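Undergrad: So the chains spell out like this:
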Amino acid sequence: MTAIDILQIVGLGLIATFLVIVVKEQKPVFAFTITVFTGALIFLYLIGEIQHIIQMLESLASKANVEIVYVETVLKIIGIAYIAEFGAQIVRDAGQGAIASKIELAGKLLILAMAIPILTLIIETVLKLLPS
Amino acid sequence: MNHDVNTIFQIAGIGIIVAMLHTILKQMGKEEYAHWVTLIGFIVVLYMVITIIDDLFQKIRGVFLFQG
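Protein sequence lines, in the order shown, are assigned to chains A and B.
Numbering-wise, the first sequence is residues 1 to 132 according to the numbering used here.
Numbering-wise, the second sequence is residues 133 to 200 according to the numbering used here.
Because the hints were derived from the structure by calculation, they are not lab data.
Please note: incorrect hints may appear among the correct ones.
Below, computed lysine-lysine pairings styled on DSS-like, alpha-carbon distance capped at 25 angstroms [said to hold, decoys possible]:
no., chain 1, residue 1, chain 2, residue 2
1, A, Lys63, A, Lys76
2, A, Lys128, B, Lys191
3, A, Lys76, A, Lys108
4, A, Lys76, B, Lys191
5, B, Lys162, A, Lys63
6, A, Lys102, A, Lys63
7, B, Lys191, A, Lys24
8, A, Lys27, B, Lys191
9, B, Lys162, A, Lys108
Which chain B residues stay away from chain A? Per the calculated CB distances, all over 12 angstroms, these [as the list claims (entries may be wrong)]:
no., residue
10, Ala151
11, Gln159
12, Lys162
13, Ile192
Computed footprint of chain A on chain B, listed as stretches where at least three residues anywhere in the stretch have a Cβ under 8 angstroms from a Cβ of chain A [said to hold, decoys possible]:
no., region
14, 140 to 148
15, 165 to 171
16, 184 to 191
Quantities reported herein were computed from a predicted structural model and do not represent experimental measurements.
The beta carbon of each residue, even a glycine, is placed where N, CA and C say it ideally should be.
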């Protein structure tokens, strides 16, 4: 991926915005679907790069002898954050702020639930360090 | 890019054409047909969007959440 791709993405966003403005006058539903489609397209564009970054992180973690379970948990948390953010922003764009807040809440709760094993491990380690 | 940018233009075109058909049918006094045209156009567009969303979610699952 080269630097020229940012021009493509910005152009895509601008064209989609113009189309949304044109279509919104007649049918707001179709304007909303254009928004969703553009968001998904840009995300698909970026996910290849994210994959490279994550492969690098994985190789670093394996070199540093970090247990793969922790890296996996962190990756899952990042994935949940991405998906929740994507959904919440689209829903908020459609004017449903309440549902968007609930999606964000669900994302935060799931992340917390996923981090519980690591948190327990940290607390146990700290308790071991403390003199009894 | 697997999906085509042209689909955005397709969606916008469908939207404008459906709006035109809606107006024409309304002028002819066929309100119920106008609503059906809108609904079917929306379903077609929704199918396109669902396809790309499905692809996106599969990819995210593959990248972040290991197990396919």
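Undergrad: Each hint should be assessed against the structure and marked as holding or not.
TA: Status of the hints after comparison with the structure:
The straight-line distance between the Cα atoms of A/Lys63 and A/Lys76 is roughly 20 angstroms, inside the 25 angstroms bound, and the hint therefore holds. For the given pair, A/Lys128 sits about 41 angstroms from B/Lys191 by alpha-carbon distance, which is inconsistent with the 25 angstroms threshold. Annotation: proposed proximity of A/Lys76 to A/Lys108 holds, straight-line Cα distance about 13 angstroms (limit 25 angstroms). Distance check on the hinted pair: A/Lys76 and B/Lys191 sit about 13 angstroms apart at the alpha-carbon level, within 25 angstroms; holds.
For the proposed pair B/Lys162 and A/Lys63, the alpha carbon gap of about 70 angstroms is over 25 angstroms, so the pair is violated. A threshold of 25 angstroms between alpha carbons decides the hint, and for A/Lys102 with A/Lys63 the separation of about 39 angstroms lies outside it, so the pair is violated. Among the hinted pairs, B/Lys191 with A/Lys24 is inconsistent with the structure: their alpha-carbon atoms are about 30 angstroms apart, more than 25 angstroms. Between A/Lys27 and B/Lys191, the direct Cα distance comes to roughly 31 angstroms. Violation of the 25 angstroms bound is thereby established for this hinted pair.
Between B/Lys162 and A/Lys108 the alpha-carbon distance is near 49 angstroms, which puts this suggested pair outside the 25 angstroms criterion. With 12 angstroms as the threshold on Cβ separation, the claim that B/Ala151 sits away from chain A is violated: the shortest Cβ distance comes to roughly 3 angstroms. Separation of B/Gln159 from chain A is adequate, the least Cβ-Cβ distance of about 15 angstroms exceeding the 12 angstroms criterion. With a closest Cβ-Cβ approach of about 18 angstroms to chain A, B/Lys162 is found to remain outside the 12 angstroms limit, as its non-interface label requires.
With a minimum CB-CB distance of about 6 angstroms to chain A, B/Ile192 fails to clear the 12 angstroms threshold, and the non-interface call is violated. With 7 residues carrying a beta carbon less than 8 angstroms from a beta carbon of chain A, the region 140 to 148 of chain B meets the three-residue requirement, and the given coverage holds. Counting residues of the region 165 to 171 of chain B whose beta carbon lies closer than 8 angstroms to any beta carbon of chain A gives 1, which falls short of the minimum of three for the stated coverage. Under the rule that three or more residues need a Cβ within less than 8 angstroms of chain A, the assignment of the region 184 to 191 of chain B holds, with 6 such residues.
Figure legend: structure checked against the earlier numbered hints; hints not met, in rising order: 2, 5, 6, 7, 8, 9, 10, 13, 15.
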